[in-house]
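Asks: Protein chains in written order, with this note's numbering: chain A, 1 to 184; chain E, 1 to 184.
Check before you lean on any hint, since a few could be wrong.
[To be verified] Lysine-lysine pairs mimicking DSBU-like chemistry, simulated, CA-CA at most 35 Å apart:
(1) E:Lys10 to E:Lys26
(2) A:Lys95 to E:Lys95
(3) A:Lys95 to E:Lys3
(4) A:Lys10 to E:Lys26
(5) E:Lys26 to E:Lys3
(6) E:Lys11 to A:Lys11
(7) A:Lys10 to E:Lys11
(8) A:Lys26 to A:Lys3
(9) E:Lys10 to A:Lys26
(10) E:Lys26 to E:Lys11
(11) A:Lys11 to E:Lys26
(12) E:Lys3 to A:Lys10
(13) E:Lys95 to A:Lys3
(14) A:Lys11 to A:Lys26
(15) A:Lys26 to A:Lys10
(16) E:Lys3 to A:Lys11
(17) E:Lys26 to A:Lys95
(18) A:Lys26 to E:Lys3
(19) E:Lys11 to A:Lys26
These are calculated hints, taken from the structure and not from any lab test.
Number of protein chains: 2
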Amino acid sequence: MLKPWTTINKKVLGNFRIFSLRSEEKISPRTNLAHEFFIIDCVHWVNVIPLTPDNHLVMIEQFRHGSNTVELEIPGGTMDAMDGSPVATAVRELKEETGYEGEDPQVIGQVFSNPAIMSNTTYTVLVRNCRLRHEVQMDSGEDLVTRLVPMAEIPGLVAGGNIRHSLVVVALFHFDLWLRRQAQ
Amino acid sequence: MLKPWTTINKKVLGNFRIFSLRSEEKISPRTNLAHEFFIIDCVHWVNVIPLTPDNHLVMIEQFRHGSNTVELEIPGGTMDAMDGSPVATAVRELKEETGYEGEDPQVIGQVFSNPAIMSNTTYTVLVRNCRLRHEVQMDSGEDLVTRLVPMAEIPGLVAGGNIRHSLVVVALFHFDLWLRRQAQ
């Protein structure tokens, strides 16, 4: 059985708009030696699986500044204080980023965004019967294009390295496992 | 077609042992407005799918300081300067963290660790015919336990929320897709 670590010191190192950075000095339960850990705090994130009546996913292409590349992804974003739930975030981000609206949004999975160095959670929300109903509302830091992708092509796009955002791949595995449960 | 952003200013904000933090000021190709982005740089990461001759995965449990929880994961770690390749990192980390050694290591997938805010890549390396051959060599900041998990239980563990590290879930989807290709 793994024992917990004891925190002996912690401090905030800086705030960087979408995340803040914190250090914690902790004592190892195994060696009794002190170690310093750096942890990134941010609000929770939500990724949306928007399924259309004819079994396409509403995907987006956008430029990503960490990788400096254009990535094929699904809609998603950060949980605002006003959202109240991952489902509310999903519905809002889907509408803002693609103009689509659907039915029966539900959380079908969740992970730690990166439990080694981050404290927040990423939720996967499935929205079915999605239809284009609104204009896209990009904020000034966004630039994105909608792509309708047949659901059956998703496994090949992940295996072939065409979908490369880790948290999008997570959401697509949650969706794949949800589909298997429906087929049982 | 999405256009690239123009960087007009960049600076390093700090080094925090396992990553460094950088800011970049860029001009949006859509709005011509300037935006500041914060980017986390670190070396590449490698996750290992260690398969035994009787179809178990060699998994580990370890305490994670971002989430402050014990997580069920697979072996993995950062690419050292000495490693030279993701496969070499996988073989080294598998041996150090579990004492297992196998055959025919191969990269079966890769993603950006988080292309929104990070610049590095995470590789998935499959190692087959893994057998226990060495003592575990934990460094003083590690504390982990080996668990042998039947391969057939993996989808249920991901769907049930028992495996919650995003990058481990990514690696397990890469493995699931690899298994499907073998079955074709």
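Asks: Just pull the numbers of the violated hints for me, sorted ascending.
Replies: Checked against the structure, the hints that fail are numbers 2, 12, 16 and 18, while the rest are satisfied.
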